[in-house]
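Kindly generate the complete structure, drawing on both the sequences and the hints.
One line per chain: the protein sequences are R and Y, in this order.
Here the first sequence is numbered in the numbering used here, starting from 81 and rising by one per residue.
Here the second sequence is numbered in the numbering used here, starting from 8 and rising by one per residue.
No wet-lab data here; the hints were simulated from the structure.
Being a predicted model, the structure only gives us computed values, none of them experimental.
Relax, there's no trap hidden among the hints.
Calculated lysine-lysine pairs in the DSSO-like style (CA-CA distance at most 27 angstroms, straight line):
1) R/104 x R/151
2) Y/94 x R/131
3) R/188 x R/151
4) R/428 x R/330
5) R/131 x Y/95
6) R/184 x R/151
Per the computed footprint, the stretches of chain Y lying under chain R, defined by three or more beta-carbons under 8 angstroms from a beta-carbon of chain R, are:
7) 167-176
8) 186-199
Built from N, CA and C at the ideal position, the CB exists for glycine as well.
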Amino acid sequence: MIRLTDLRMNLPGFTLEDINLHIKPGEFFALMGSTGSGKTLVLETVAGLTKLDNGTVHIAERDVTTLPPEKRGVSLVYQDHALFPHLTVLQNVMYGQRYHNISKAEGKSEARALLDTLGLSRLENRKPGRLSGGEKQRTALARALACRPDVILLDEPLSALDPQFRGELRRTLKDVHETSGATFLMVTHDFTDAMVLAERAAVIKDGRLHQEDTVSNIFRRPITPFVASFVGMTNVFPATYCDHGCSFAKADFKDLEEVPAWAKGFAALRPEDVIVGAASDFPSDWCILSGTVERLERVGFTWSATVLCGGEYFTAMVDRHMVLGRGIEIGSEVTMGFSRGHLHHMQKNGD
Amino acid sequence: MFSSLPGRIFQGWMYASATLVLLFIGLPLATTIAAPTWEIFLETLTDPDVLNSVWLSMSTSAMAAGLAFVFGTPLAYFLARSEFRGKKFVESMVDLPIMIPHPVVGIALLSITSPNTTFGAFLQSMGIEIMGTTTGIVAVLVFVGMPFYINTAKSGIESIPQRLENVSRSLGAGPSETFFRVTLPLCWRYMLVGMIMCMARAISEFGAIIIVAYHPMIAPVLMYERFTAYGLKYSQPVAVILIVVSMLFFLLLRTLSNPGGKER
Numbered sequence: 081m082i083r084l085t086d087l088r089m090n091l092p093g094f095t096l097e098d099i100n101l102h103i104k105p106g107e108f109f110a111l112m113g114s115t116g117s118g119k120t121l122v123l124e125t126v127a128g129l130t131k132l133d134n135g136t137v138h139i140a141e142r143d144v145t146t147l148p149p150e151k152r153g154v155s156l157v158y159q160d161h162a163l164f165p166h167l168t169v170l171q172n173v174m175y176g177q178r179y180h181n182i183s184k185a186e187g188k189s190e191a192r193a194l195l196d197t198l199g200l201s202r203l204e205n206r207k208p209g210r211l212s213g214g215e216k217q218r219t220a221l222a223r224a225l226a227c228r229p230d231v232i233l234l235d236e237p238l239s240a241l242d243p244q245f246r247g248e249l250r251r252t253l254k255d256v257h258e259t260s261g262a263t264f265l266m267v268t269h270d271f272t273d274a275m276v277l278a279e280r281a282a283v284i285k286d287g288r289l290h291q292e293d294t295v296s297n298i299f300r301r302p303i304t305p306f307v308a309s310f311v312g313m314t315n316v317f318p319a320t321y322c323d324h325g326c327s328f329a330k331a332d333f334k335d336l337e338e339v340p341a342w343a344k345g346f347a348a349l350r351p352e353d354v355i356v357g358a359a360s361d362f363p364s365d366w367c368i369l370s371g372t373v374e375r376l377e378r379v380g381f382t383w384s385a386t387v388l389c390g391g392e393y394f395t396a397m398v399d400r401h402m403v404l405g406r407g408i409e410i411g412s413e414v415t416m417g418f419s420r421g422h423l424h425h426m427q428k429n430g431d
Numbered sequence: 008m009f010s011s012l013p014g015r016i017f018q019g020w021m022y023a024s025a026t027l028v029l030l031f032i033g034l035p036l037a038t039t040i041a042a043p044t045w046e047i048f049l050e051t052l053t054d055p056d057v058l059n060s061v062w063l064s065m066s067t068s069a070m071a072a073g074l075a076f077v078f079g080t081p082l083a084y085f086l087a088r089s090e091f092r093g094k095k096f097v098e099s100m101v102d103l104p105i106m107i108p109h110p111v112v113g114i115a116l117l118s119i120t121s122p123n124t125t126f127g128a129f130l131q132s133m134g135i136e137i138m139g140t141t142t143g144i145v146a147v148l149v150f151v152g153m154p155f156y157i158n159t160a161k162s163g164i165e166s167i168p169q170r171l172e173n174v175s176r177s178l179g180a181g182p183s184e185t186f187f188r189v190t191l192p193l194c195w196r197y198m199l200v201g202m203i204m205c206m207a208r209a210i211s212e213f214g215a216i217i218i219v220a221y222h223p224m225i226a227p228v229l230m231y232e233r234f235t236a237y238g239l240k241y242s243q244p245v246a247v248i249l250i251v252v253s254m255l256f257f258l259l260l261r262t263l264s265n266p267g268g269k270e271r
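Put into structure tokens, the structure is as follows:
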């Protein structure tokens, strides 16, 4: 549905390079990255709001690279809603219909139906200034849908919302995607949003794509250290590999289930897979390391510890009883354990 | 309360200065307004020369404001929305008419429109005369008033997030539809204020006008002429009429551009 080929754009202090993406019809695709990664730029490129130095944009098998935004059949939803402040909710929703051969009467009933689905019916005569954040975002969504677009572009649709509205709008987005049949491209810095909503995703950093895959593959098998830490594998260490095992943090780990073919790479672990405890408590086939506690933080009902071990910092989970009962504190010598199966290996640095 | 002495001195200075400024503006004007006797004032009020000059002042200034709106808005939009090398230079050029001495404006306009230049010859062939005509007056007023309109309109356009225009485009509206359905409805007040400023500046113009068009006489030129020919006593009533008419007109426009309750 959307095909981006070899996009390149040079801006002062920033370069977007080698962006190749293919988003399938009807798909919910998430483009993830942190602030300043260039993800919104990619979105605006699809919308036709920026000028490319190189590359082509195809939407629905049509080359739209040189077409202005209004000819592309995409609707844009911004993080800050960008509702027209001088128009009412209903007028906002009906704004674009006249450009899509939708008659006024038909448009009005369609707009009302959309407002009804999104729970905005009683607000149709309000001006945006008197709406809550969630209501504004739903209005913006209705306005985008009312043009019957092939593609909906969402720029961080959830990040400006209070936590109580986020879950609600996530469900709304999912429902709307399923019923409308449009292709959704969402830009987000929050991996959880992508997990809930998207089927496939890509991760971008400093204007380059690091990985494009299904969301669950990105979550389970990130291919660069950046993607790994983005999806929560925050323990990433340079590692060397040999016949049956790998070494990192000045320790060797033998008998891995699958040993990567490369000699040098990175090993990663999720903090929740590394447990601080007594060596005798761990299953016999676990890897065990010892180190010094550098920091202790409370995370919900458990504790998270930063442990210095072999010159590397590990983030690990600590059972509450370990802190309270066995007296772990900063400076304590502790042992950590993890299952070999939780080790994840990567070859490329990605930069 | 001894510790707040510096505070009280500061407050005293604030009040005293504000009063001084208001007196400085208000007193000379009040004296002018109060000066003429009723007989002379009534006599002036029925003097067709005076009425014509006030009308000419108001109408040419309004025309200048209208022209500034039509031709200045695109430049204001361009300056508000784009970044380019040399933007500072263009902005300074727009501001230039504020700074240069008024007679210079008149001289510059006359020299470019003199029949000896290509442009002047072209104008003449079209039957457009600058020297001593209403057209000439309006040209001068547009020249001196334009910066006020452009700067105000520009800050109005800048106050509208570009994202609103982006969304409008993505919903299918072209650039002109976006301008008329989003940009203009959101910043017409700024544009109106800009036109008021432009017109206000135009009404007060004198220096450039006497060079380009002594006749037909606008109110400031008439005042000057009465002053040199008959003295202060006969120029004051003309001033009073111009001040009162301007005051009323601008009060009306200000009310229009900023109604009491802000609707949102």
